[in-house]
Amino acid sequence: MSAPTTERVCVDCSRLMEKKCSSCEKDPLSLIAYVNTNGNVMQDTRSNTLEELARNVLEKLNHQGYCVIDNFHKEEKALAILDEVKNVHERGRMHNGQLTNTLTSENIRGDLIAWLDGREERAENIALHMRRVDALLRELNKMISCHRIEGRTQAMVACYPGAEKRYRKHVDNPNQDGRCITTLYYLNKDYDRTVNGGVLRLYPHGGDVYVDIEPILDRLFLFWSDRRNPHEVLPAHTTRYAITLWYFDKDEREAEYQRLLKLKQESSVFEITDFTTASEWERFVSQIEEILHKWKLDNSNKKPSFLQRIRNFSSSNKEENSGNLKPIPKKVTSQSRESWWETLSETLHFSDFCFDITYHHCMTAKNEAREENAGFEDGLSPAVLEMFDMDYDFPPRVHCLSRWYGMKEFLVLSPAVENAAITSESRCHLLLSSISMALANAKCYVPLLVQLHQKWRRLYRGLCLGNGFRTLFEMAHLRHTPKQFNHLKGLLDVFKDKLALRGSSCPPVTITIRFTYFLNEWSDTDWPQAPPDVDSCLGDEVGLSDMSTLPFGTGQDAISELHLSVTWPCLSEDVIVDNGIYSDLDPLQAPQWHVRVRMNDDPKCLLGEYVDRYLNLCHRKEAASALLKHDAFYDNAEDSPKDFAHAFQKLTKPVLSSNIQSAVTKATSKITGSSSDESPIPAELLNVILKHLFPDAEINPNDIDVKQEEILKSNVYATKNMPNDKFRGLKGTPRDSLTYALAICLCIVNHSYGGLRAVAHLWQEFVLEMRYRWDHGILISRLELVAPNLDCCLIHQKLQMLNCCIARKCLSKRSQTSINQGDTPADIPRRPTSARSSCPGDDSSDDEFFEALEDQDDSDDSGGDVEGPLETGQGNTRREGALKRCGDRRLLVSGEPLYIPVTQEPAPMTEDMLQAHADILTQLGTSEEGARIRAQMQSASLLSDMEAFKAANPGCLLEDFVRWYSPNDWLQGEETEDEIIYRRKLESEQRQKEGEQKQQDDWGLDDEEEITEEELNEAFHEENQQSEENQQSEENQQSEELCDQPCSKDWCEEGRLSLRMRVKGNAWEDNWHNARPCPVRRQKRLFDETKEAEKVLHYLSGLRPAEVATELISTVLQASIRRIENAGGNDAVRSSTIIDRIIKRASRIFDTSQEQLTLYKDLFEELRSIELKIARAQSLKCKLQTSEVNKPDIDTEAFIASLLEKPEVNVVGASRGPMGHVIKGLFSQQEILRGQEQDYDNHEIEKPVAKQSRPFPVPAGREFILRTIASYPGKNSRQCPQRMYCVLAGDEFRLAAAFTSDTTFT
Amino acid sequence: MDADVLATLKILIIGESGVGKSSLLLRFVDDTFDPDLGATIGVDFKIKTVTIDDNRVKLAIWDTAGQERFRTLTPSYYRGAQGCILVYDTSNRDSFNKLEEWLNEVEVYSTKRDIIKMLVGNKIDKDNREVDRQEGMTFARRNKMLFIECSAKTKDGVQYAFEELVEKIIQTPGLWEKDSQTSGGVDLSNTGNSVVQGCSGYCSLT
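Residue numbers (my numbering), protein chains in the order written: chain P, -1 to 1304; chain X, 113 to 318.
Same shape as in the complex, but just chain P (with noise of 0.2 Å):
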């Protein structure tokens, strides 16, 4: 057996394999015999001979590093270790078993290992041999002095499984993990070295040299595990076993084991398998591993994957049964495409350089569980099987990858770094045997690829493993169709000829074809968007009809192209011809039409343009006035510019009593006239924008009068809102108001007109506008004349608040008018006389007091009910301001009507005021002494309405202003339980006070008076009302004596205050006696227009240009989504859904901050969205609602919304459905648009198209998938399936192959 090493190979010293070397030749023959014959007496004779066995491989050892013993146990014994190692090999023990194999022949390491620690079942004679080699250690530690050898690994058993398997060079141990000595033990029967291969080759020294070692049976070899020996194993032609055993040095074991330690504290020490990863590939081919495991793709096809299980669980109640199988070949419902894809990404490092490798993956919404095709042998895996799935072929918008190989979930590595490419062939081999590896050892079945050479080539090959199979992905990618190649029978061929399948009885190839054809050339008619108009003074903005709505649309066709694909689906090879000169594939014939639209990405959304360009004004800075030279605007000869209201008044003063427009230009011209270029908006648009606004402007002036009259007549002062529509809560304005107008010039110029500067420029008109009529007292038009609605922006609220300002001028001019040129009724009809005849000097001081505007307004109303002014014959008790009569009531004391007065409006606040009235409020906290404060604070309007009150009802009581003023708190009836207490509490307490007054006053007097019950109750009332006269100011004396005139009981009704009113001192009680009898006319005014108008003209004009745009984005919030609702794409777009929910985002900004403003920039981001699909929808009615069809066809807007959801459509009935005729007859119009100048020369290809004159141009692209079983790679094999796409374009060839063979039976 010996016999060929002495003759091949020299094993102890030869630098030269050939070179023969006679004299080592008895060393390792010596130690034969002495293993030899004491292999089987161990026991006995091992001291001896092991100890001199021992020391020759030392020597052997520290000379060459290495040394070799053949014979080790003797040829029986190592059979016998050979079979329970090849018993491990089939029992598929190896590396968790089931290994098939690696297919390229550049492996750098492609054994298969099996870790052994001797106590496994039929594994006596391996377990002998460990404790053999244990004993040998044993001794040599005796003798060494640089190590300690003290434990060591498993029994590492590997196979080589033939198939040019190699094991690059490498050094077991290079970072010092405690490896000291390797000892491997061959076990190859008959070895030849030409025949099986496998040699180990050793480079003694980490030199040049080499030695090589062959596998022979029985043979023994040693060596330092460390950097002196890097080694490799040439490829092995067949089955190559051996067994590894790793000594320990015992202190290098030590430290690596306290590193460990270090770095795992409670793991266990030994990771071994750790410890073959040694070279950069072999951690690459780790980190694989790991990334596998991580993502659970590690187990077999039973279990579900990662995802698959995350899917589960969030379905887990939906579809429990799983008899909802999907047989593969056969159809499934096209619900089955609804789905999306996940990924999951990684980095990881080949050395230095980068790769990512992700997990795609296709959700569907249904889990479906899947199966084995019957039809197929077990074990292939789920991604193959998934590539005869006919329902999945040409899927849309996937993963180039996907739509190649129909694969729904796979993994590619490519490189990390964008320019990197793996471009040479044995880097290529090198990743295809790393993931080869990978896969293998992590038992992964999902196919995993590479992608090779430049990204854009989209170039990949790979590889899937099953159980016994193994799919091989291949690609091929060419610019240019070769001619051999472009039609079916050509790509057949090649299909064929790499199955090897030609000749013999091939079975039946299946094939899909797919033709696309662009269309892409429209006629102009197609194109929705109305060409701007040129006459209009606004210039030629594109889709900018007027200034009173936003532009809408798109500034470029919202759809590009349109892509029609015809498929074939499952053509048996026989039925069809496709060859150079003659093809079947008509695509009118065609089973299957599918459509898509290419959108134009970005095709200038007019609106989104304009609200985005608003939205950038509000984040500058500027302030108007830097912005605006003043000199521009103020600039005159004879005046001070800086004297403003001075400057204003001269640009105002010739236009003083005539019409508004006069002024607007005057002011306009004055722009234009002093420095035309520097103002930014031009006179004549300024002029058309102004007119936009205020459109009273033309009216004449005395029109305007009469029409004021009209609005301040049927004023009435309440506070209104919004009508309740879903705007509300948006803070925006209502539709028909001046400033939702303005918001939308604002919008508009900003866009067009000038940007920044025109906005100030317009916003500087505006105020100047306002303070206009402020000054002039001409309401603002387009604005409701109430009080600020709450609901609306700031700015609308100060503009109403202005216009109530102007209104209270008017009428108290208007009332002071008439009061100087004397009286006349007709003009205020049932004044009360007295008002004039009393206070005359008070009138002319207006500043002060004034008449509440309702004096007038509310008379001509309700005057019928007054009873003229009644005197009541008394002196003084003159009846001042009363309004009417409240019922039927009358006075208690006096038995005189009662009348309610008229009263002062409270004072109408903008939301600002209210805040900081509020906050003035809450500071004052919760304390007692706060809530008086409060109570006071708020009474001045209680204290008007007293005075008001009795100055109407001369002898009037607390309880009469109750009666009217608070109801409730006039007590009727039985006296309740908290009266009675109050009351008795109350007597007890007078009780008192009588009693300590009779022991001041009456000491001494007889205690005689014994009062009743009864008796106390009377005199309590008459006390109590005693007492509230009692303190009645000295103004109101005139009642008290009213009081005790009696009282006819017809008028006088039986009744109390409630307690809370009684209780002394209270607030009514306290402001009841403070007030005096004073007509609203008299009393101080609760709301100074003046200082009210002027302090809303100081923040308007104060406002930057930014503000402004902030503060009325809201408006221009609202005005877009009027502008898309108005463009009605609902039917096709569904957008009131997405528009109610814009809204409801909306109304929950709270302020007009900075952060508060990215909301809204989302939400325009939204608005534009929806625009770009209406424009989307409306591009393709226009292309696809053909004349013929004039009336709203049903189907056509709902193929039409399905286009613009979904990547694409099936075109129902194909060419003879109507949809299908609409299209055929867009490719014909583009047929005629493009001509005769096409030639189709130089395109053989297009021939048997171009030929019949049908209208559809040359595909641009045609895809054919061939699908076949055929047994591969060899003719026993199982049957596989087999399958290759091609895809032939402009400038496009390629083919996408995935071959499965057979591993098992080649």
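Hints are computed from structural coordinates only; laboratory data are not their basis. All residues carry an ideal CB built from backbone N, CA and C; glycine is no exception. You can take every hint at face value.
Only some residues are given here: those of chain X computed to face chain P with a beta carbon under 7 Å:
no.: 1; residue: 159
no.: 2; residue: 184
no.: 3; residue: 286
Since the structure of chain P is provided, determine the placement of chain X on it from the hints.
Okay, now just chain X, sitting in the frame of chain P:
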């Protein structure tokens, strides 16, 4: 503001004069009762911090005057309120009959769309009940309100009423959060997920 306070909520109490709005508030905040509590002038307010479902919430409760004439003054305080307590007197039918008007006020003046409304029938300690519990219940149901009967005098139900209201407010998304962060992610339309990463497919044909 306290760091551990989740939110400050504004709650409004409205209803006819004399139904016991201020008493209700006094009972809730100070746990006292004063039969001769003065009639409120304009508005008053009190603050109380409560813990509901482990959330500390600061309540700013605005108490309004019920008199007709004050109604022109108080609407401004409806602004920004998250909750509204509408009180009537179970022993006074008129105060119940006026509820519709008050509810209308809330609709008109409140600036929050989904303000939580609670109907409270007060003074159930009184013998002369004029409004049935069932009637109150019906009204509340018709107008999507919370409903409870209570007595500020005897303390019955007061605490519970406020707690219930606050809990409801907290549970209503978008009513009290500072911004719409929590509700921002409601975009369920899967418009953008058809984009596949990486190599984006066979562009000319897909």
